[in-house]
Amino acid sequence: MHGGRWQTSTVLPRVDKTEHSQAVMTPAPYRIIRRRRETPDTWSLRVEPYDRTVPVRFRPGQFSMLYVFGVGEVPISISGDPARNDYLDFTVRSVGMTTAAICNLRNGKTVGVRGPFGSTWPIEESKGEDIVVIAGGLGLAPVRPILFYTLADRSDYGSMSLLYGARNPEDFLYPKALEGWRGRFDMDVHVTVDHADRNWRSNVGVVTRLIPMANFDPEHTSVFVCGPEIMMRFTVDDLLGIGVSEEKIFISLERNMRCGVGLCGHCQMGPEFICKDGPVFPLSRVKRWFGKREV
Amino acid sequence: MTETKSLRPILEEHPLFRGLKSEYLDLLTDCAANVRFDQDAYLFHAGDEANDFFLIRHGMVAVEAEDIKGPIVVETLGPGDILGWSWVIPPYNRKFATRAVQLTRAISVDALCLRQKCEADPKFGYKMIELFSKNIKERLYNAWWQMADIYGPPAR
Chain E
1 MHGGRWQTST
11 VLPRVDKTEH
21 SQAVMTPAPY
31 RIIRRRRETP
41 DTWSLRVEPY
51 DRTVPVRFRP
61 GQFSMLYVFG
71 VGEVPISISG
81 DPARNDYLDF
91 TVRSVGMTTA
101 AICNLRNGKT
111 VGVRGPFGST
121 WPIEESKGED
131 IVVIAGGLGL
141 APVRPILFYT
151 LADRSDYGSM
161 SLLYGARNPE
171 DFLYPKALEG
181 WRGRFDMDVH
191 VTVDHADRNW
201 RSNVGVVTRL
211 IPMANFDPEH
221 TSVFVCGPEI
231 MMRFTVDDLL
241 GIGVSEEKIF
251 ISLERNMRCG
261 VGLCGHCQMG
271 PEFICKDGPV
281 FPLSRVKRWF
291 GKREV
Chain W
1001 MTETKSLRPI
1011 LEEHPLFRGL
1021 KSEYLDLLTD
1031 CAANVRFDQD
1041 AYLFHAGDEA
1051 NDFFLIRHGM
1061 VAVEAEDIKG
1071 PIVVETLGPG
1081 DILGWSWVIP
1091 PYNRKFATRA
1101 VQLTRAISVD
1111 ALCLRQKCEA
1121 DPKFGYKMIE
1131 LFSKNIKERL
1141 YNAWWQMADI
1151 YGPPAR
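Chains as they are written, first to last, in my numbering: chain E, 1 to 295; chain W, 1001 to 1156.
Just so you know, these hints were derived from the structure itself, not from any lab. Possibly wrong hints are sitting among the right ones.
Just some of the chain W residues that point at chain E, by a computed CB distance under 8 Å [claimed, not checked]: (1) Gly-1047; (2) Asp-1048; (3) Ala-1050; (4) Pro-1071; (5) Thr-1076; (6) Pro-1090; (7) Asn-1142.
These numbers come from a predicted model, not from an experiment. Just so it is clear, CB atoms sit at the ideal spot from N, CA and C, and this is done for glycine as well.
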């Protein structure tokens, strides 16, 4: 654990024989119960444990290792509602052999799940603050649980803003959810794309250009950022420039995670293991290493 | 004249011109006018002479590149943004078209008028170039970021 109000907490799965979180190194079998195509190469999968008497638990920001038997294992952020204890949602882009195999799994098929692993977005500690969630591309998946969580207790937070950038209008994840969030009077949603045809009547440009559109008090705001590292670097620079504290900017990092528990060392970044100490970090803790190559 | 005078405080508060010397604001104000564009009206087309630039006050403008499949929107600009740099750099021709995505109000600055004032007062001219270079730099960084296709699939 890393103490302090604005530190994220490292949450290792509890060794509890009554829960699936016991599965630290051995994948537990889960069944695909729903699959939905998000973009041409990205799918959302809903999975439930074969043993349905055991509750499924995770906290926003955590990830699981998904294993396709005989193919391989990859870390995938949990993108669903943390209040649900009967299934898990994942959003997966088909970019390699294992992720392609996951995306090809049909309803009723089995996937192995280890975890949940890693630190969490500090949303409990952010109560009373304005909340700004900034996501780029597939980065909306790891921050979506924040929205489920905070919107369930909306009055506990100040203003809420979601700023989301994607490649083009066809590449937005969760379009129905986005529509629902945009329809709320207690939430500010701004989206942008890198390019579009002229039928698109909203913003075109980089996601940082949405920051001035959001209504928040930089001194009393927690910002949660997830997306490609270059996008997070530009975003962090702009946030610091308007006075958001580096203690209150949280980023989710991605590295080559293998074991999920900080044993194998594949995901080491400076002194941190992304799988165990992260993936969610306050900027203040990782700024020295953030954006640097070969660390 | 009355209308032109009323633009001075607006120019003074614009982020690009904040802190500009009073005499320079006067020079700028002399070349400024209010304009409005209905939805889907073009502010200018690619190839047009760059005889003005705009400070957008309300609405949204799409910067469009012509493609054989039709126009591609490469950027949108909104309240507080500056539209148009081609007036700074010879041969003063537009490279992109710009269209009002919605009803748009802006301050238009006459570039011919401003260039004359820049030539007459090189210190003022240098200040204008300095301010616009800052804006051009930010927009170039953003354009490179967009071109990098960072949300696309990773390179194999």
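Give me the numbers of the hints this structure contradicts, sorted from smallest to largest. 1, 2, 3, 6
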